[in-house]
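*Asks:* Sequence:
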Amino acid sequence: SSRNIFPVIDDKRNFIGIILLDDIRPIMFDEKMYDEVKVSDIMQRAPAIIDIENDRMKEIMAKFQDSNAWNLPVVKDGKYVGFISKSKLLTAYRQKLIEFTV
298 SSRNIFPVID DKRNFIGIIL LDDIRPIMFD EKMYDEVKVS DIMQRAPAII
348 DIENDRMKEI MAKFQDSNAW NLPVVKDGKY VGFISKSKLL TAYRQKLIEF
398 TV
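Quick note: to get the working numbering, add 297 to the position in the sequence shown (first position is 1).
Calculated directly from the structure, the hints in this document are not laboratory data.
Treat the hints loosely; a few may be bogus.
To be verified - Derived PhoX-like pairs: lysine-lysine, alpha-carbon spacing no greater than 20 Å straight-line: (1) K385 <-> K355; (2) K309 <-> K373; (3) K393 <-> K355; (4) K385 <-> K360; (5) K376 <-> K309.
Unchecked claim - Label pairs and their in silico Cβ distance ranges: (6) A389 <-> D308: 30 to 40 Å; (7) L394 <-> R322: 31 to 41 Å; (8) G379 <-> V334: 20 to 30 Å; (9) R342 <-> Q362: 14 to 24 Å; (10) W367 <-> P323: 20 to 30 Å; (11) D307 <-> V399: 37 to 47 Å; (12) V399 <-> K335: 15 to 25 Å; (13) K393 <-> V336: 14 to 24 Å; (14) D327 <-> K393: 23 to 33 Å.
All C-beta atoms in this analysis are idealised placements derived from N, C-alpha and C, irrespective of residue type, glycine included.
Input sequences plus hints: build the corresponding full structure.
*Replies:* Set out below in structure tokens:
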């Protein structure tokens, strides 16, 4: 995968946290670690979470700003939906502005 951030979810797709590629890279190349390291050992809380049902653009942009994150997880009713990147969001926003001003 070209992704550098991965979701941690339970068996019901409830979002639990994230794992960063930088945190698992040392483990990936050391097979002895496979049985020793648990997901909970390397998992982090997401700096912010976007709620697809309730968050509006202003709140989403504030979450990106406050967290200094470039990618944030998106949930619906607590279930993992995906990640949204700040750059894709800004590109889509810019495109909408162009459409409305032309």
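*Asks:* Does each hint hold? Answer for all of them.
*Replies:* Status of each hint after checking the structure:
A distance of roughly 15 Å separates the Cα atoms of K385 and K355; the hinted pair therefore holds under the 20 Å criterion. In summary, the hint linking K309 to K373 is supported, as the alpha carbons are separated by about 13 Å, within the 20 Å threshold. For the hint linking K393 to K355, the alpha-carbon distance of about 15 Å falls within 20 Å, and the restraint holds. A C-alpha spacing of about 15 Å is found between K385 and K360, which places the hinted pair at or below 20 Å, so the restraint holds.
Among the hinted pairs, K376 with K309 is consistent with the structure: their alpha-carbon atoms are about 8 Å apart, no more than 20 Å. The given range of 30 to 40 Å is respected by A389 and D308, whose C-beta atoms sit roughly 33 Å from each other. Range check, L394 to R322: Cβ separation about 39 Å, and the 31 to 41 Å hint holds. Judged by the Cβ atoms, the range 20 to 30 Å given for G379 and V334 holds: they are separated by roughly 26 Å.
R342 and Q362 have their C-beta atoms about 18 Å apart, which keeps the hinted 14 to 24 Å range intact. Take W367 and P323: their Cβ atoms lie about 22 Å apart, and the range 20 to 30 Å holds. Distance hint for D307 and V399: a CB-CB separation of about 46 Å, consistent with the stated range 37 to 47 Å. In this structure the supplied range 15 to 25 Å is violated for V399 paired with K335, their Cβ-Cβ distance being about 53 Å.
Between K393 and V336 the C-beta distance comes to about 38 Å, which lies outside the given range of 14 to 24 Å. Range check, D327 to K393: Cβ separation about 46 Å, and the 23 to 33 Å hint is violated.
Of the numbered hints listed earlier, those contradicted by the structure are 12, 13 and 14.
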